[in-house]
Amino acid sequence: MIHRIRNRLSDNTFLLFITIGLFIIMYITGIIIYRDNNFGRFQVFLNLFISNGGLIVAAVGMTMVLITGGIDISVGSVVAMTCMLLAWMMENKNIGAIPAIIIVLLIGIVFGLVQGWLIAYLKIQPFIVTLAGMFFARGMTAVISTDIISIKNETFLTLANAKIYLPFGGYLNRKGTMVYPYIYPSVIIGIVVLISIYLMLRFTKFGRSIYAVGGNEQSALLMGLNVKRTKLKVYVFNGFLAALAGFVFCLNTSGGFVEQAKGFEMEAIAAAVIGGTLLTGGVGNVIGSLFGVLIKGTIETFITFQGTLSSWWTKIVIAVLLCFFIVLQSILASTKHKGKGDEIKK
Amino acid sequence: MTKGKQLFMRVTKHALFFPLTCLAIVLIINLMKTPSFFQISLNNGVLYGYMMDILNRSSELIILAVGMTLVVAGSGGTDISVGAVSAVAGAVTIFALVGSMSSDTYRMPYGLAILLGILAGMLCGAFNGFLVAKLRIQPMVATLILFTAGRGIAQVITQGFILYVRKEEFKYLGNFIPGVPIPTPIFIATFVVVITVVILKKTALGLYIQSVGINAKAARLVGLNATLLTFLVYTFSGLCAGIAGMIITSRVYSIDANNAGLNIELDAILAVAIGGNSLSGGKFSIAGSIIGAITIQALTTSLYAMKVTADQLPVYKAIVVIIIVMIQSKELKRIRQSVRHKFLCLGERRWAK
Amino acid sequence: MNNEKVTLLTMRGIDKSFPGVVALSKVDFTLYAGEIHALMGENGAGKSTLIKVLTGVEEMDGGEIRMEGIDNPIINKSPQDAQRHGISTVYQEVNLCSNLSVAENIYIGREPKKCGRIDWKAINRKSRELLDKFQIYIDVTKPLGNYSVAIQQMVAIARAVDISSRVLILDEPTSSLDEQEVDKLFEVMFQLKQQGLGIIFVTHYLEQVYRISDRITVLRNGMLVGEYETSKLPIVQLVAKMMGKDLDDLSTIKNLEVALENEKKPEILLEAEHLGHSGTIKPFNLYIQKGEVIGLSGLLGSGRSELARVLYGADKPDMGELKWKGKHLTVNAPIDAMKAGMAYLPENRIAEGIIADLSVRENIMIALQAKRGIFKLLSRKEQEEFTDQYIDLLQIKTSDREVPIKQLSGGNQQKVILARWLLINPDFMILDEPTRGIDVGTKTEIQRLVLQLAQKGKSILFISSEIEEMLRVCSRMVILRDKVKVGELEGAELTQSNIMRAIAGGGKHD
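Residue numbers (our numbering), protein chains in the order written: chain A, 1 to 346; chain B, 1001 to 1353; chain C, 2001 to 2510.
In case anyone wonders, no lab produced these hints; they're calculated from the structure.
Every residue gets a Cβ at the ideal spot worked out from N, C-alpha and C, and that includes glycine.
Hints may be right or wrong, so weigh each one.
Dumping the calculated PhoX-like pairs for lysine-lysine here, alpha-carbon to alpha-carbon at most 20 Å [to be verified]:
id, chain 1, residue 1, chain 2, residue 2
1, B, K1201, C, K2339
2, B, K1283, B, K1217
3, B, K1330, B, K1201
4, C, K2381, B, K1202
5, B, K1202, B, K1283
6, C, K2381, B, K1217
Listing some non-contacts, in silico: residues in chain C with all C-beta distances to chain A over 10 Å [unchecked claim]:
id, residue
7, T2030
8, A2033
9, I2070
10, L2100
11, N2221
12, M2223
13, I2268
14, G2326
15, S2379
Throw the hints in and build the complete structure from the sequences for me.
Structure, rendered in structure tokens:
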């Protein structure tokens, strides 16, 4: 029976359904268990986006890289480096917020360019290149400063803390006034990035060539696609998005310190994989990755509401989920070859 | 060819030429900065000196590098979980010894606790091995799971605390056994290396691992069990991480799940690469990796002497990794060859005119 | 039939050499519009090189290619060039992306756009219309990978034809198809032919060539043997031309040289009952006697290597049973076959034979070592003795036994692999093209060695593309065609002409 269901829905949508279904189940469970703690309030749902704006951006970039069959484990370190740079530029060097933001985004692009060149043109394993990138960026964070730098820049803080109230989903508090939920600009950035990349992947030649290269590099080459350039562009994009993620992350933390965002890349990879992106390449959907992020957020919320478990449990649960999905993917891949071939006998 | 040129070719083509050169460079730079670099003195019945320090601190790295060498050689992949696994092993041992609070008394025999820790490392390695060998998951991804979850698991075992073992005997493993001038880790590293090399050379295991790494199809056709061999190398890497964890925790007689073995995986990969081993698998040299490990440690020491902090160290190491893999890259060789070819053609054309 | 023959493509005097090898020498080829033209030849004939030159994958050294409607001769420097001239190719390994939808595969790289973004509606609609024309009714929005290889091939053909519809090259398209799928493919090909396309059909399936092709070009050793009309060329003659024999002279060639008339050893060593492996070889029955040299003959692609692999366990059989020395034998992996007493010299030396970076010594001793087990390491002295022994016996040219095998020439590498298997003293050896790439003198040595082994009671399964060689050493011959065992010949029946008739199949097309 499972085979029949599987064959009806193509792989991509099948995995996506599992992810969305999982999220809905988890969220509803939370509402039921913690209804006295107001888990059911809309703000709780919005908080998923607020706490994870940076992760959404990073997961989107990671999805692109994974679709090409590569990987980028330097993202977390780049986020930390970006944060530190922003803080340092604004506080120690008195550079304005906007120029600082532009500078870090450019640095992200350069970072992606170097990694992309090594991977696409020198054909060095992406794992090794981005591993080195990870250590380089993490080390540079410490080179910039070993102390915590808090951001006091007015423009930046305004951007970080500006509550945007939504005209719906509110609740009546004890005094009888309507309390409306809110989000921050970081959420808007995350959603804008998500939608833009989704459109790009779906409706542009570059987007489609990413899927082709990831699906079968040899075929893509024979079909006339420029494989090397596509790969390079993907890593450049990802470098930019990693820096952007760092910026959004910084909006949340308003400061830079060396230990930040440890394991962030793992969360991005997990979000993408749980969202249905295949590690072997060729298959992936940023919507799924969004839900992967939301699932991670839900687990975190669970643990916060639970109160007694340490936050390390989030990492373990995510790792277990990741493991489960990787194994699921590998099982689906090996059963793929059965049950095809009746179409021609008509 | 002249005798001199022949000798030169033989020397430079030797497997250990590259690692020894790297080591020599680092040592010479150190010697220039610190004239007393090679001095070893005996104080309080214990040997002191920069070189002693380097050899001492590189012990756990040597052990990890041995494990990593076999993983790389046999599967063409890397095991990035070794740092986290060593933390898990350390957590298991210390928890077994003192429970959830720092203490000065053992709950169970020391030997048993050590065994449990090493076993925990092996289990982690077996997990990686199963994922890679049986489920055919890419090594980078499989080991990435423990890379993230490992420290979390260690945290859960220690319940988030840094646990201390305040018994003198516990420090012996990572420091000195009373009356013995040489630091214990050096003995352990030597032991691991000797046992490994003996097994690799006295049985056909070394040959098998190389065969599988070079051509898994051909290896299978001559009767080798490639799946089992792949599983074994990852389990062995976990075992090495377990042993390294014992040394690491004993040095500071505590377990800090966040920092035990931090970043040591990069060092291990670097050691293997400096050792002249190809990161895509095949023939390997344990001696090369050992020299690589010592070189890395010497590099770390020099950088510390130049006031680089522990956090900033990875920048330099990352650059070294990139340079080495660029040198190893076949594509680069091809680009250089075609550039040289075009250059020659240009020259020829000039001549023809 | 084509009354007015429009010449679509001419290739004249094509030369192509690689270092040390002449791949094509003054080859001519002509393709008319509205015809299906089969291109045939054995290993090393030059078929794939000719195609590569035509499609721009390789650059020719000499010769001229002309296309109808273009005044000047064309030179294709890349597959894209060829496409622009109207030539497209569909390979055996379908070069599409199975993760993308059917529609997308057809239009990738040239997606129709609307207001700057890809117009999916148009892509889906147009590809549906395209496939409808071929009477292939599938959901074009599903990933290509969901469909069978046969469908994927059709999609590849549809894409190829849509991009450039003058010359279509199909390279071994039927290798992975079953009968119904082949029928469907031929329907499509016929339709395209009616539309005026010229189709080059590269294949080794004789039946199919006679079913669908109008003309046949045969290449051998890089040279053109001839161009024929299919209806006027009897199948046995085709086989003869491909193998380079003249049918009339066959009776004068001496058949059996060596006398294996000495004591018949009817003891059966190995028996295969309905042994088969899905996808590679249909179930076959075979018995091999002790001390016999049995040959496996058939054209390229007939399943010879596949049969050998199934016997040895390199491909685990999923049908039938294997009996060794009278008792059932389960082979889960090659080591089981080795321990029973089998050995296998693979056809593809580089991919499956040599362990490139290991030394000559290590390559020779590895099988014996695997058989002994991991703990009983052969002493260095023993290894060196064995190595020297075989370097001498087989005249392996190497400066030192520690040299990495990859530095040896192809022929010498082959000798090392042969030594590896001789070393384990097997009861049964499978030799797949053991003398390929070896000099004439050593070829004879190896053939003599095979006969010696047989006299000592060993059994050998000998696969070779050279019939004379096999006739010299084999006492019995198994004939394969299109992945099925079609016959056996022994004793006085073993003549070149009988073999070729058996391969050809006889009957309808004589």
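Going down the list of hints, with the structure as the test:
no.: 1; hint: B:K1201 <-> C:K2339; verdict: violated (24 Å)
no.: 2; hint: B:K1283 <-> B:K1217; verdict: holds (16 Å)
no.: 3; hint: B:K1330 <-> B:K1201; verdict: violated (30 Å)
no.: 4; hint: C:K2381 <-> B:K1202; verdict: holds (14 Å)
no.: 5; hint: B:K1202 <-> B:K1283; verdict: holds (17 Å)
no.: 6; hint: C:K2381 <-> B:K1217; verdict: violated (28 Å)
no.: 7; hint: T2030; verdict: holds (27 Å)
no.: 8; hint: A2033; verdict: holds (26 Å)
no.: 9; hint: I2070; verdict: holds (21 Å)
no.: 10; hint: L2100; verdict: violated (6 Å)
no.: 11; hint: N2221; verdict: holds (29 Å)
no.: 12; hint: M2223; verdict: holds (29 Å)
no.: 13; hint: I2268; verdict: holds (37 Å)
no.: 14; hint: G2326; verdict: holds (36 Å)
no.: 15; hint: S2379; verdict: holds (39 Å)
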